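**Student:** One-letter residues, chain by chain:
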Amino acid sequence: MMIKVEAYVREDKFEDVKAALNAIGVNGLTVSQVMGCGIQRGYKEIVRGMQVDMQMQPKIKFEIVVSSEEWEVKTIEAIEKAAYTGEPGDGKIFTYEIRHAQKIRTKETGYDAIQATE
Amino acid sequence: MMIKVEAYVREDKFEDVKAALNAIGVNGLTVSQVMGCGIQRGYKEIVRGMQVDMQMQPKIKFEIVVSSEEWEVKTIEAIEKAAYTGEPGDGKIFTYEIRHAQKIRTKETGYDAIQATE
Amino acid sequence: MMIKVEAYVREDKFEDVKAALNAIGVNGLTVSQVMGCGIQRGYKEIVRGMQVDMQMQPKIKFEIVVSSEEWEVKTIEAIEKAAYTGEPGDGKIFTYEIRHAQKIRTKETGYDAIQATE
Ligand SMILES: Nc1ncnc2c1ncn2[C@@H]1O[C@H](COP(=O)(O)OP(=O)(O)OP(=O)(O)O)[C@@H](O)[C@H]1O
Ligand SMILES: Nc1ncnc2c1ncn2[C@@H]1O[C@H](COP(=O)(O)OP(=O)(O)OP(=O)(O)O)[C@@H](O)[C@H]1O
Ligand SMILES: Nc1ncnc2c1ncn2[C@@H]1O[C@H](COP(=O)(O)OP(=O)(O)OP(=O)(O)O)[C@@H](O)[C@H]1O
Ligand SMILES: [Mg+2]
Ligand SMILES: [Mg+2]
Ligand SMILES: [Mg+2]
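Respectively, the protein sequence lines represent chains A, B and C.
Residue numbers for the first sequence follow the numbering used here, beginning at 1 and rising by one.
Residue numbers for the second sequence follow the numbering used here, beginning at 1001 and rising by one.
Residue numbers for the third sequence follow the numbering used here, beginning at 2001 and rising by one.
Note that these hints are calculated values from the structure, not bench results.
Keep in mind that a hint or two might mislead.
[As the list claims (entries may be wrong)] Below are the DSS-like pairs computed for lysine-lysine, each with C-alpha atoms no more than 25 Å apart in a straight line:
1. 1018(B) <-> 18(A)
2. 44(A) <-> 107(A)
3. 2107(C) <-> 1018(B)
4. 44(A) <-> 1044(B)
5. 2074(C) <-> 2061(C)
6. 2081(C) <-> 2018(C)
7. 107(A) <-> 2107(C)
8. 44(A) <-> 74(A)
9. 2061(C) <-> 2018(C)
10. 18(A) <-> 2081(C)
11. 61(A) <-> 1044(B)
12. 2061(C) <-> 61(A)
13. 2044(C) <-> 1061(B)
14. 18(A) <-> 2074(C)
15. 81(A) <-> 107(A)
Nothing here was measured: the structure is a model prediction, and the numbers come from that model.
Let's have the full structure, built from the sequences with the hints guiding it.
**Tutor:** Here you go:
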């Protein structure tokens, strides 16, 4: 099964997360800059009893397509460890199933498309 | 079932859509700037009988992961109402199933990862 | 079945890929700028025997939601042909299933939401 792991992490954890993914040997990844908020709505803690405006914070989104559930777990664990501070705002990881993968240069599909087969 | 709702809306509807999502009480969201076009290819109306170049227009992409089909519906309705003008270019909403969710700070997974449980 | 086709291609192939998608008649698309790397980790070839840092390269991400497996194939083929150079870094294509689609202006859902029905 091919799976995409998506993670939203702190901007200053970009290098650490990238290094952690490199260390486990992922075969590719994509990053982009996004803005977001979680349950604190961008504040330092949850503000109760009044509706506050959402403050968007800059985050880095990682996208990594992997080739098995085993790699899904490995990838999540690597991100989790590298992105952790213990303070609100450390981020979220989501995964979903990929139907089809294709490498444009070689026309390889599926498992082969996301492996280092050469 | 965990579901990601993705919406592409007008730039000048960013604040309205964010406020609508805040009002229904979503527990997190991510936004990014994208470029896109729909069936009019970036023009004011559909140009027939000749093939026109696609004109990319700036749009805002919202991503909201929710914890049930009920929340999927609520989220779609909130976006739809807030993003509507009635003119071409109002945008599109797509949803898909999420396999796994994880909160980095607490290591909570699944439903708990996207709820305000504290 | 509704399917999202996601492709990461070279920056200088943006116009070619867009024109190819226009030529087959897709009804909408979204693009964004991302950074990424594949199995060469951003280098010209695979560096063996030592762990090298990942060098992020700018890429263009295309997202196209289509309404059938037939269109999935057509869309992949169009991108593949337009994005190809034969050198490492040509890019990857991934697809996944979409649960629900909605056009904000008309409230059309599913198949109708992503068709030119007018
Ligand atoms: N439900 C969600 N849907 C989409 N994106 C989300 C969601 N929750 C969080 N995010 C993204 O993850 C980023 C980090 O979220 P954050 O770590 O603050 O989550 P949280 O649930 O508030 O956890 P914590 O309590 O540890 O702060 C957000 O800025 C946003 O980009
Ligand atoms: N099929 C699609 N795949 C990917 N993104 C799409 C698709 N259709 C629309 N979008 C995104 O949604 C944005 C808004 O699209 P738009 O509202 O113009 O859709 P439309 O089908 O042309 O509807 P309308 O007729 O109301 O203009 C686009 O700029 C693009 O970013
Ligand atoms: N497994 C992956 N997960 C997420 N994104 C990826 C993955 N593999 C590649 N990408 C994205 O696609 C872009 C292009 O990748 P690239 O074409 O170099 O892949 P490759 O497997 O190294 O193929 P080639 O050997 O032809 O270079 C990367 O910069 C990255 O954005
Ligand atoms: Mg938070
Ligand atoms: Mg349109
Ligand atoms: Mg490569």
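**Student:** If a hint holds in the structure, say so; if it does not, say that too.
**Tutor:** So, going through the hints one by one against the coordinates:
Pair hint residue 1018(B) plus residue 18(A) does not hold up; C-alpha atoms about 30 Å apart against a cutoff of 25 Å. For the proposed pair residue 44(A) and residue 107(A), the alpha carbon gap of about 48 Å is over 25 Å, so the pair is violated. Distance check on the hinted pair: residue 2107(C) and residue 1018(B) sit about 20 Å apart at the alpha-carbon level, within 25 Å; holds. Taken as a hint, the residue 44(A) and residue 1044(B) pair is broken in the structure, with Cα atoms around 44 Å apart against an allowance of 25 Å.
Only pairs whose Cα atoms come within 25 Å are accepted, and residue 2074(C) paired with residue 2061(C) is accepted, the gap being roughly 18 Å. With a C-alpha separation of about 12 Å, the suggested pair residue 2081(C) and residue 2018(C) falls inside the 25 Å cut-off, and the hint holds. This hinted pair does not check out: residue 107(A) and residue 2107(C) have alpha carbons roughly 38 Å apart, beyond 25 Å. A C-alpha spacing of about 30 Å is found between residue 44(A) and residue 74(A), which places the hinted pair above 25 Å, so the restraint is violated.
In summary, the hint linking residue 2061(C) to residue 2018(C) is supported, as the alpha carbons are separated by about 11 Å, within the 25 Å threshold. Between the alpha carbons of residue 18(A) and residue 2081(C) the distance comes to roughly 31 Å, so the proposed pair goes past 25 Å and is violated. For the given pair, residue 61(A) sits about 33 Å from residue 1044(B) by alpha-carbon distance, which is inconsistent with the 25 Å threshold. Only pairs whose Cα atoms come within 25 Å are accepted, and residue 2061(C) paired with residue 61(A) is accepted, the gap being roughly 13 Å.
Distance restraint check for residue 2044(C) and residue 1061(B): the Cα-Cα separation of roughly 33 Å exceeds the 25 Å cut-off, and the hinted pair is therefore not satisfied. Between the alpha carbons of residue 18(A) and residue 2074(C) the distance comes to roughly 34 Å, so the proposed pair goes past 25 Å and is violated. Using a Cα cut-off of 25 Å, the hinted pair residue 81(A) and residue 107(A) is violated, with the two alpha carbons roughly 35 Å apart.
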